[in-house]
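Number of protein chains: 2
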Amino acid sequence: MYPVKSYATLGATQPLAPFDFSRRDLKPHDVLIDIRFCGICHTDIHQVRNEWGHSIYPMVPGHEITGLVSEVGNQVNTFKPGDKVGVGCMVDSCRTCPDCQEGLEQFCSHPIFTYNNYEKDGKTLAQGGYSTRIVVDDKFVLKIPQNLPLDAAAPLLCAGITTYSPLRHWKAGKGTNLGIIGLGGLGHMAVKIAKAMGAQVSVLSHSRKKEADAKRLGADHYYATSEPGTFEKLVKTFDLIICTVSVDLDWNQYLALLKRDGTMVILGAPPKAPTVSATSLIFGRHSLAGSLIGGIKETQQMLDFCGEHNIVSDIELIPIQKAQESYERIIKGDVKFRFVIDMSSLK
Amino acid sequence: MYPVKSYATLGATQPLAPFDFSRRDLKPHDVLIDIRFCGICHTDIHQVRNEWGHSIYPMVPGHEITGLVSEVGNQVNTFKPGDKVGVGCMVDSCRTCPDCQEGLEQFCSHPIFTYNNYEKDGKTLAQGGYSTRIVVDDKFVLKIPQNLPLDAAAPLLCAGITTYSPLRHWKAGKGTNLGIIGLGGLGHMAVKIAKAMGAQVSVLSHSRKKEADAKRLGADHYYATSEPGTFEKLVKTFDLIICTVSVDLDWNQYLALLKRDGTMVILGAPPKAPTVSATSLIFGRHSLAGSLIGGIKETQQMLDFCGEHNIVSDIELIPIQKAQESYERIIKGDVKFRFVIDMSSLK
Numbered sequence: 000m001y002p003v004k005s006y007a008t009l010g011a012t013q014p015l016a017p018f019d020f021s022r023r024d025l026k027p028h029d030v031l032i033d034i035r036f037c038g039i040c041h042t043d044i045h046q047v048r049n050e051w052g053h054s055i056y057p058m059v060p061g062h063e064i065t066g067l068v069s070e071v072g073n074q075v076n077t078f079k080p081g082d083k084v085g086v087g088c089m090v091d092s093c094r095t096c097p098d099c100q101e102g103l104e105q106f107c108s109h110p111i112f113t114y115n116n117y118e119k120d121g122k123t124l125a126q127g128g129y130s131t132r133i134v135v136d137d138k139f140v141l142k143i144p145q146n147l148p149l150d151a152a153a154p155l156l157c158a159g160i161t162t163y164s165p166l167r168h169w170k171a172g173k174g175t176n177l178g179i180i181g182l183g184g185l186g187h188m189a190v191k192i193a194k195a196m197g198a199q200v201s202v203l204s205h206s207r208k209k210e211a212d213a214k215r216l217g218a219d220h221y222y223a224t225s226e227p228g229t230f231e232k233l234v235k236t237f238d239l240i241i242c243t244v245s246v247d248l249d250w251n252q253y254l255a256l257l258k259r260d261g262t263m264v265i266l267g268a269p270p271k272a273p274t275v276s277a278t279s280l281i282f283g284r285h286s287l288a289g290s291l292i293g294g295i296k297e298t299q300q301m302l303d304f305c306g307e308h309n310i311v312s313d314i315e316l317i318p319i320q321k322a323q324e325s326y327e328r329i330i331k332g333d334v335k336f337r338f339v340i341d342m343s344s345l346k
Numbered sequence: 000m001y002p003v004k005s006y007a008t009l010g011a012t013q014p015l016a017p018f019d020f021s022r023r024d025l026k027p028h029d030v031l032i033d034i035r036f037c038g039i040c041h042t043d044i045h046q047v048r049n050e051w052g053h054s055i056y057p058m059v060p061g062h063e064i065t066g067l068v069s070e071v072g073n074q075v076n077t078f079k080p081g082d083k084v085g086v087g088c089m090v091d092s093c094r095t096c097p098d099c100q101e102g103l104e105q106f107c108s109h110p111i112f113t114y115n116n117y118e119k120d121g122k123t124l125a126q127g128g129y130s131t132r133i134v135v136d137d138k139f140v141l142k143i144p145q146n147l148p149l150d151a152a153a154p155l156l157c158a159g160i161t162t163y164s165p166l167r168h169w170k171a172g173k174g175t176n177l178g179i180i181g182l183g184g185l186g187h188m189a190v191k192i193a194k195a196m197g198a199q200v201s202v203l204s205h206s207r208k209k210e211a212d213a214k215r216l217g218a219d220h221y222y223a224t225s226e227p228g229t230f231e232k233l234v235k236t237f238d239l240i241i242c243t244v245s246v247d248l249d250w251n252q253y254l255a256l257l258k259r260d261g262t263m264v265i266l267g268a269p270p271k272a273p274t275v276s277a278t279s280l281i282f283g284r285h286s287l288a289g290s291l292i293g294g295i296k297e298t299q300q301m302l303d304f305c306g307e308h309n310i311v312s313d314i315e316l317i318p319i320q321k322a323q324e325s326y327e328r329i330i331k332g333d334v335k336f337r338f339v340i341d342m343s344s345l346k
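Those sequence lines, one after another, are chains A and B. Take the first sequence: its position 5, counted from the start at 1, is 4 in numbering that gives the first Met the number 0, and no numbers get skipped. Take the second sequence: its position 190, counted from the start at 1, is 189 in numbering that gives the first Met the number 0, and no numbers get skipped.
Don't read these hints as lab results, they were simulated from the structure. Among these hints, one or two may not hold up.
The list treats identical chains as one, so a pair stands whether inside a single copy or across any two.
No farther apart than 30 Å at their CA atoms in a straight line, the calculated lysine-lysine pairs in the DSSO-like style are these [claimed, not checked]: (1) 235 <-> 122; (2) 235 <-> 296; (3) 271 <-> 232; (4) 142 <-> 173; (5) 138 <-> 235; (6) 258 <-> 138; (7) 271 <-> 235; (8) 119 <-> 235; (9) 235 <-> 170; (10) 232 <-> 119; (11) 170 <-> 296; (12) 170 <-> 258; (13) 122 <-> 214; (14) 122 <-> 79.
Model the full assembly from the supplied sequences, consistent with the hints where possible.
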């Protein structure tokens, strides 16, 4: 067993606090990773606070993990000590269902998420990346391109793949007029990735507050949805809309901005299920779809793509002692655009 | 001008009653059709009763028209007197927008529907098929295959194309596990067309009442959604679901029946906009889409397809004097599966 330092929470109303535990001994296909950085995803907050109702404690959150391989099991031949690697939202899956066979493990009925569920043994709590080390089966370990810094690459493991996957699946590229709703952790990655794919990118945000940032990140256009006339002006504009925000919105207003045969893809669940008018779908043959992170194979493709295009997240690096207060800033939208924990602060 | 007999309604609460008016003189591309049959679509009831709030009176409803060409304009070379023809929901469109250019006139911003709007001159009320004759531009006249009877072919012009179009667009065929919600005018056409396309067809209906009919029409499976356990049993079953009913349903229950990457297509608007949970879309990468009748080119393809496969509607033929009471029976679901007016009753 490998002793590990971490920050965990012991209950929905408890603060993150130092927590020691052990990682399993290496099985033949396991990789021991010395965690250097871990991004903070809004999901961490939902889970830590049991906002989705199925939290298990103690909980070490974190699924945007980067680090260096420190040891490998005796059957591992794709990684060696010193390699730059990452771990995202999943650390295993059933591997036999059609979804797993097709490399779409995120849709497996029995995925093992990086934290807040049990490992394959059914009794060990999987613990996440706000920690010094992690042991992961090599099939779920990703290679980080040499040219990407480990700190700013960490958010690619969730925010990156969550936006890359739908952009690829719905074929964003040259000639695609793309709308991105929201410019937070996901939204800013969507802008960078979609631009690199060749799409024409518009950011749709509530106010003008983020306009300069959107342009700096590469957006071609910026629209403040709170300004009168914005929706009317943009009717039938977009081939594809990616909704990166989980707040209550009138989806029908956005569906009206799609061209014929356009698709709006939802990445997060708003607090209240929105109403969808059938006419928003029927007129224009629109589709409303959802997308969930991405499979392991596609996550590697995304990392390689980001390597080629020198894409990383815009981050604010913090010591783990500030993770708790960063949650409040995330909820207020006060971050450009992702907090990443420097794990050296824990050692 | 051509004098025409018809049944019209003079206001939302008025009964259908005899009404005489005239059709325009033939322009070079016009076709004069001697109407033999006209199907009764639920849309007729909505429009006659102003349930969608934009009815114009006097209104001659009817957009499932079949008949014989009796005269043609001097530039018409695709039709000649005696030809078996049909007219559906549209009699013209702008013809210049991208949708029209691609043969998807149903999405044109300025379509001319067969009734309840003004013709291209902006002042003549377009009047529908509960009438003895109609004048239509040849681009919007369809050829009815020789082997199809004009009475049972009439509903193909709306119910047929409304179901054929999404089945083709979402590629129903061999290997497709298809769910059809509802077995009314649209649903029974969907079963016949989808079977001819090679799909495996399941009908999802509230009770067991229509099971024998569904099987007779060719459905492979039948499920009564009111029976306990039906939804649980069918989770992740269908590649494609076509919702042919316009009643209040929990769309989320049906989205859960889709396999990964499955699509549910909505053909009609329920009275109350349903709520859609983001998780119904995100888990399984599901799509919720809409479809609206079909373009003229596709309508001809549908008719040719129905000719090849000997597909027509199951109808109950009535004299026009019974159209009014047929509305009540349609609302009660008491028809197998489409009323068609025999226009000889009007002459």
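Results for each hint:
{"no.": "1", "hint": "235 <-> 122", "result": "between (52 Å within a copy, 28 Å between copies)"}
{"no.": "2", "hint": "235 <-> 296", "result": "between (34 Å within a copy, 23 Å between copies)"}
{"no.": "3", "hint": "271 <-> 232", "result": "both (27 Å within a copy, 27 Å between copies)"}
{"no.": "4", "hint": "142 <-> 173", "result": "within (28 Å within a copy, 40 Å between copies)"}
{"no.": "5", "hint": "138 <-> 235", "result": "between (43 Å within a copy, 26 Å between copies)"}
{"no.": "6", "hint": "258 <-> 138", "result": "between (40 Å within a copy, 25 Å between copies)"}
{"no.": "7", "hint": "271 <-> 235", "result": "both (26 Å within a copy, 24 Å between copies)"}
{"no.": "8", "hint": "119 <-> 235", "result": "between (47 Å within a copy, 24 Å between copies)"}
{"no.": "9", "hint": "235 <-> 170", "result": "both (18 Å within a copy, 25 Å between copies)"}
{"no.": "10", "hint": "232 <-> 119", "result": "between (52 Å within a copy, 27 Å between copies)"}
{"no.": "11", "hint": "170 <-> 296", "result": "both (17 Å within a copy, 27 Å between copies)"}
{"no.": "12", "hint": "170 <-> 258", "result": "both (15 Å within a copy, 21 Å between copies)"}
{"no.": "13", "hint": "122 <-> 214", "result": "neither (48 Å within a copy, 49 Å between copies)"}
{"no.": "14", "hint": "122 <-> 79", "result": "within (29 Å within a copy, 79 Å between copies)"}
Violated hint for the displayed structure: number 13, the only one.
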